[in-house]
Amino acid sequence: MAGNRKQIEFAKKLLEISIEDGEVNPERVTAILEELKKNPPAKYPKVLRAYLKLVKKEIKKYTAVLEHSGAISDKAILELGKELFEIYGRRIHVTTKSSEELIAGVRVSVGDDVYENSIISRMQPLRSISL
Amino acid sequence: MLDTLLIIAAATTDATSSAGPLSELAGKFHVETNILVAQIINFLIVAFLLYRFAFKPIIATIDMRQQKIADGLQYAEEVKLKLADVEKKQADTLKEASLEAQKTVGDARSQAKQHLESQKSEAQAQAEDLLKKAREAIDLERTKMISEAKEEIAGLVVQTAEKVLARELTASEKSSFSESAVKEIKSNS
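Going line by line, the protein sequences match chains D and Z.
Everything in the first sequence is counted per the working numbering, starting at 196 for the first residue and increasing by one.
Everything in the second sequence is counted per the working numbering, starting at 845 for the first residue and increasing by one.
Derived by calculation from the structure, the hints in this document are not laboratory data.
Beta carbons: idealized from backbone N, C-alpha and C, even for Gly.
Treat the hints with care, since some could be wrong.
What the hints assert, rightly or not - Derived, one-sided and incomplete: chain D residues facing chain Z with beta-carbon distance under 7 Å: (1) H263; (2) S264; (3) A266; (4) D269; (5) A271; (6) L275; (7) A299; (8) G300; (9) V301; (10) V309; (11) N312; (12) I314; (13) M318.
Taking the hints into account, I'd like the entire structure generated from these sequences.
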């Protein structure tokens, strides 16, 4: 356990190095990985796993996943990005994903926050309504 | 005896013919005064002695025995009275005991009846309680069943509605809904 903690601490330091202007810089990440490959630290796989987990978590913080059913315009995506910038105070990259299970509407996930306005979410309360 | 009478008769006849009949009679019978007096004195002494040493103790013994018999009779009488008293007391005691026993039996019967009534009412209360609980359980189960049925029906309705919407909504309608949904997210956030 103490060993794991050491690797996690090391991975956190690597993540700090990887961030530039509040975002994970791919070039820095590539450089770090190259360096680790040349001089592998103790328990190298564990360090890599912890680093990957932290990078994913960090990217999720400024990445919004917009799930939608039916086509959605670029304008709407852009407006959503602006709105998210106002909410979080930083630039949020919006990625889209088609999700037919919503029937119609959208679901936006930013980190642990989820905003949903879809047919499926509107129908959900009806399931618990007593007739 | 006949001879003696004949002698006395002859003496009587002779006495009528003489001057001192008593002297003659005494002479005929050879009674001497001195001897007679002595015999009388002897007789008195013997009588006194007999009285003093024989009759008196016997009489005393008889008296004592009579006294004892009287005492015994009196004691027997007392015993008889006491026995009667004891019998009376015993009869009274028996009567009291009988009354007491009757009272006790009466009380016991009353208590038994009371206990029976109490048990009966308790059993009735328990039965009513059980019935009430059973009714409550049935009501609860029914409510639960209805609630579950409602949920299931609601689920089925929603599921059907979802399927219908998924099938019936056109691509443009979906797109339009999604666009407006993004705007609503913006306005709500």
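Self-check item: Cut-off 7 Å, beta-carbon criterion: hint that M318 (chain D) touches chain Z
Solution: holds (5 Å)
Quiz item: Should the hint that L275 (chain D) touches chain Z count as held when the rule is a Cβ pair under 7 Å?
Solution: holds (5 Å)
Self-check item: Agreement of hint G300 (chain D) with chain Z interface, Cβ distance less than 7 Å
Solution: Since chain Z brings a Cβ to about 4 Å from G300 (chain D), closer than 7 Å, the hint holds.
Self-check item: chain Z contact restraint for S264 (chain D) - C-beta distance below 7 Å
Solution: With Cβ-Cβ at 5 Å, under 7 Å, it holds.
Quiz item: Should the hint that H263 (chain D) touches chain Z count as held when the rule is a Cβ pair under 7 Å?
Solution: holds (5 Å)
Exercise. Using 7 Å as the Cβ threshold, decide whether I314 (chain D) counts as touching chain Z.
Key: holds (6 Å)
Quiz item: Hey, does the V301 (chain D) contact hint survive, CB to chain Z under 7 Å?
Solution: holds (5 Å)
Practice problem: Double-check V309 (chain D) for me: the hint is only fine if its C-beta lies closer than 7 Å to a C-beta in chain Z. | Solution: violated (11 Å)
Exercise. Grab the minimum C-beta distance from A271 (chain D) to chain Z and call the hint holds if it beats 7 Å, violated otherwise.
Key: Result: holds, 5 Å to nearest chain Z Cβ.
Self-check item: When the least beta-carbon distance from A266 (chain D) to chain Z is tested against 7 Å, hint result
Solution: Because about 4 Å separates A266 (chain D) from the closest Cβ in chain Z, which is inside the 7 Å limit, the hint holds.
Quiz item: When the nearest CB of chain Z is found for D269 (chain D), is that gap smaller than 7 Å?
Solution: Violated, about 11 Å.
Practice problem: Could you check if A299 (chain D) really has its C-beta closer than 7 Å to a C-beta on chain Z? | Solution: holds (4 Å)
Consistency note: the structure conflicts with the earlier hints numbered 4 and 10.
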